[in-house]
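Engineer: Chains as they are written, first to last, in the numbering used here: chain V, 1 to 234; chain R, 235 to 468.
Because the hints were derived from the structure by calculation, they are not lab data.
Being a predicted model, the structure only gives us computed values, none of them experimental.
Among the clues, some could well be false.
Unchecked claim - Here are some chain R residues the structure puts well away from chain V; computed CB gaps all over 12 Å:
#1 Asp303
#2 Pro337
#3 Val366
#4 His403
#5 Ala408
#6 Thr416
#7 Leu420
#8 Phe454
#9 Arg466
Stated by the list, open to error - Derived coverage of chain R by chain V (criterion: at least 3 residues anywhere in the stretch with Cβ under 8 Å from a Cβ of chain V; other residues may be distant):
#10 292 to 302
#11 344 to 357
#12 370 to 382
#13 443 to 449
Stated by the list, open to error - To give an idea of the chain R side of the interface with chain V (calculated C-beta under 10 Å), a few residues:
#14 Ser305
#15 Arg339
#16 Ala392
#17 Ala393
#18 Glu395
#19 Leu421
#20 Gly422
#21 Ser426
#22 Tyr465
Cβ coordinates follow ideal geometry from the N, Cα and C atoms, glycine included.
Listed below, chain by chain, are the residues.
2 protein chains.
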Amino acid sequence: MAAESGKPAVVLLSGGLDSATTLAMARREGFACHALSLDYGQRHRFELPAAQAVAKALGAASHRIVRLDLSAAGGFGHSALTDRIAVPKNRGKDGQIPPTYVPARNTMFLSIALGYAEVLGAFDVFIGVNAVDYSGYPDCRPEYVAAFEHLANLATAAAVEGRGRYTIHAPLIAMTKAQIITTGLLLGVDYSLTRSCYDPSSEGLACGRCDSCRLRLAGFAAAGATDLIRYRQQ
Amino acid sequence: MAAESGKPAVVLLSGGLDSATTLAMARREGFACHALSLDYGQRHRFELPAAQAVAKALGAASHRIVRLDLSAAGGFGHSALTDRIAVPKNRGKDGQIPPTYVPARNTMFLSIALGYAEVLGAFDVFIGVNAVDYSGYPDCRPEYVAAFEHLANLATAAAVEGRGRYTIHAPLIAMTKAQIITTGLLLGVDYSLTRSCYDPSSEGLACGRCDSCRLRLAGFAAAGATDLIRYRQQ
Numbered sequence: 001m002a003a004e005s006g007k008p009a010v011v012l013l014s015g016g017l018d019s020a021t022t023l024a025m026a027r028r029e030g031f032a033c034h035a036l037s038l039d040y041g042q043r044h045r046f047e048l049p050a051a052q053a054v055a056k057a058l059g060a061a062s063h064r065i066v067r068l069d070l071s072a073a074g075g076f077g078h079s080a081l082t083d084r085i086a087v088p089k090n091r092g093k094d095g096q097i098p099p100t101y102v103p104a105r106n107t108m109f110l111s112i113a114l115g116y117a118e119v120l121g122a123f124d125v126f127i128g129v130n131a132v133d134y135s136g137y138p139d140c141r142p143e144y145v146a147a148f149e150h151l152a153n154l155a156t157a158a159a160v161e162g163r164g165r166y167t168i169h170a171p172l173i174a175m176t177k178a179q180i181i182t183t184g185l186l187l188g189v190d191y192s193l194t195r196s197c198y199d200p201s202s203e204g205l206a207c208g209r210c211d212s213c214r215l216r217l218a219g220f221a222a223a224g225a226t227d228l229i230r231y232r233q234q
Numbered sequence: 235m236a237a238e239s240g241k242p243a244v245v246l247l248s249g250g251l252d253s254a255t256t257l258a259m260a261r262r263e264g265f266a267c268h269a270l271s272l273d274y275g276q277r278h279r280f281e282l283p284a285a286q287a288v289a290k291a292l293g294a295a296s297h298r299i300v301r302l303d304l305s306a307a308g309g310f311g312h313s314a315l316t317d318r319i320a321v322p323k324n325r326g327k328d329g330q331i332p333p334t335y336v337p338a339r340n341t342m343f344l345s346i347a348l349g350y351a352e353v354l355g356a357f358d359v360f361i362g363v364n365a366v367d368y369s370g371y372p373d374c375r376p377e378y379v380a381a382f383e384h385l386a387n388l389a390t391a392a393a394v395e396g397r398g399r400y401t402i403h404a405p406l407i408a409m410t411k412a413q414i415i416t417t418g419l420l421l422g423v424d425y426s427l428t429r430s431c432y433d434p435s436s437e438g439l440a441c442g443r444c445d446s447c448r449l450r451l452a453g454f455a456a457a458g459a460t461d462l463i464r465y466r467q468q
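Full structure from sequences and hints, please.
Structural biologist: Structure representation (structure tokens):
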């Protein structure tokens, strides 16, 4: 299927496992996928080259990186993903919002994706949020996604003038990590291109112990698959 | 009233007449106002120094400028405010969405303001949108503001954990331009510091003929007040 065929969609692509799978699912649905990555000073910036590689491998129609410099406004707040706060290791699941929560991050990302979609004439936006493994993040829940979709259809000239209706797709929202990996492998995702670690080494090696690494490794184990990225330790 | 007293609030401040009045109203309500401006490559960048002057004159507790570089994602789309499209002059009111509409702009701005509010521990966000003079903009309507407030209270750890409830304040939403100016003058706003023109000269002189200049001039006339900024022509 040519990348340019099908209806246009914007796909938020971080370079991680979840958004790579989301892109593959959007492609399978026949969308011409315009991948969008945000450079927001994240510690795990090895994600951005990974996003480029993933976009290319999965036949995205385009890939763009937008820079959002919030350093003047307190960065993204007190998050272990952007600050000098330690990324928690070997943490159990406790139902609490984890210190890697970034204030209003998905709202900013979806807003920028919405503006980009309106520019492109696209009415479909994909985001790889997940309410199972990331149950602690408020902006990964179905009611949040529904509220953003409602907002999008009030916010934009394209919707108000009746040219279309925005749909926010969150195809992973109810899947376990193992289901996500199994689905992606069936769709030909090369997970060796993806990066998930919140705290990679300066050479980009995954730590193997942060929440994100632990979820990833457990997901591969449950899926009966092998994770081909390199870890400092597991 | 000291700038630091009162509950913290984030006030979106463009340097224009409306947001300056909004800041003065938020100050009058007793908020410690953290002004936030967005540098998004707008043609009317004379607004940003104006925003700094307005924030200082009205006793904001702080003022920050965040840079959002969307050039990789089509800029802000086909808007006369960011592109080489001609800013319309001497346009009548026709109920259409004007070419100065910027795709999803207020959604991006409110999202960034929301993230900043969560970082500050603030639960009040002020935006100077207006549904009377700007009736053509979808993201200036009361139902849009209500939808964003609903989203904010689902999107954030601070709301979900019960530390507070976000309120999006749009105090100008039902006011005419003359009412806005009269209110601001009563609150001591120095409108000579503000800039409204969509198409200023290279020296920063207002054009006097774009929608924004025409609304401003008509508003001053209706308020029986004098606009002290300089125009190329009126």
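Engineer: Three residues minimum, CB to CB under 8 Å: does the stretch 344 to 357 of chain R make the cut for coverage by chain V? Let me know.
Structural biologist: holds (count 9)
Engineer: Are all beta-carbon distances from R:Thr416 to chain V longer than 12 Å?
Structural biologist: 30 Å, holds
Engineer: Have a go at the R:Ala392 hint: is there a Cβ in chain V nearer than 10 Å to its own Cβ?
Structural biologist: 8 Å, holds
Engineer: Verify this for me: three or more residues of the stretch 292 to 302 of chain R with a beta carbon less than 8 Å from a beta carbon of chain V.
Structural biologist: It holds, with 5 qualifying residues against the three required.
Engineer: Was the hint right that R:Tyr465 lines chain V, CB cutoff 10 Å?
Structural biologist: 29 Å, violated
Engineer: So is R:His403 really clear of chain V, every C-beta pair being over 12 Å apart?
Structural biologist: 17 Å, holds
Engineer: Since R:Arg466 was said not to touch the interface, does its Cβ keep a gap of more than 12 Å from each Cβ of chain V?
Structural biologist: The assertion about R:Arg466 holds, with a minimum of 30 Å to chain V.
Engineer: Next item in the hint list is R:Ala393. Is there a CB on chain V closer than 10 Å to its CB?
Structural biologist: 7 Å, holds
Engineer: Would you settle whether the hint for R:Ser305 is holds or violated, based on the nearest Cβ-Cβ distance to chain V being less than 10 Å?
Structural biologist: 9 Å, holds
Engineer: Verify that the Cβ of R:Pro337 lies farther than 12 Å from every Cβ atom of chain V, and report whether the claim holds or is violated.
Structural biologist: At about 4 Å from chain V, R:Pro337 fails to clear the 12 Å cut-off, so the statement is violated.
Engineer: In terms of beta carbon proximity below 8 Å, does the stretch 370 to 382 of chain R have 3 or more residues touching chain V?
Structural biologist: This one holds; 7 residues, not fewer than the three required, reach chain V with a Cβ under 8 Å.
Engineer: Double-check R:Leu421 for me: the hint is only fine if its C-beta lies closer than 10 Å to a C-beta in chain V.
Structural biologist: This hint is violated: R:Leu421 lies away from chain V, its Cβ roughly 26 Å from the closest one there, beyond 10 Å.
Checked against the numbered hints listed earlier, the structure breaks hints 1, 2, 13, 19, 20, 21 and 22; every other hint is satisfied.
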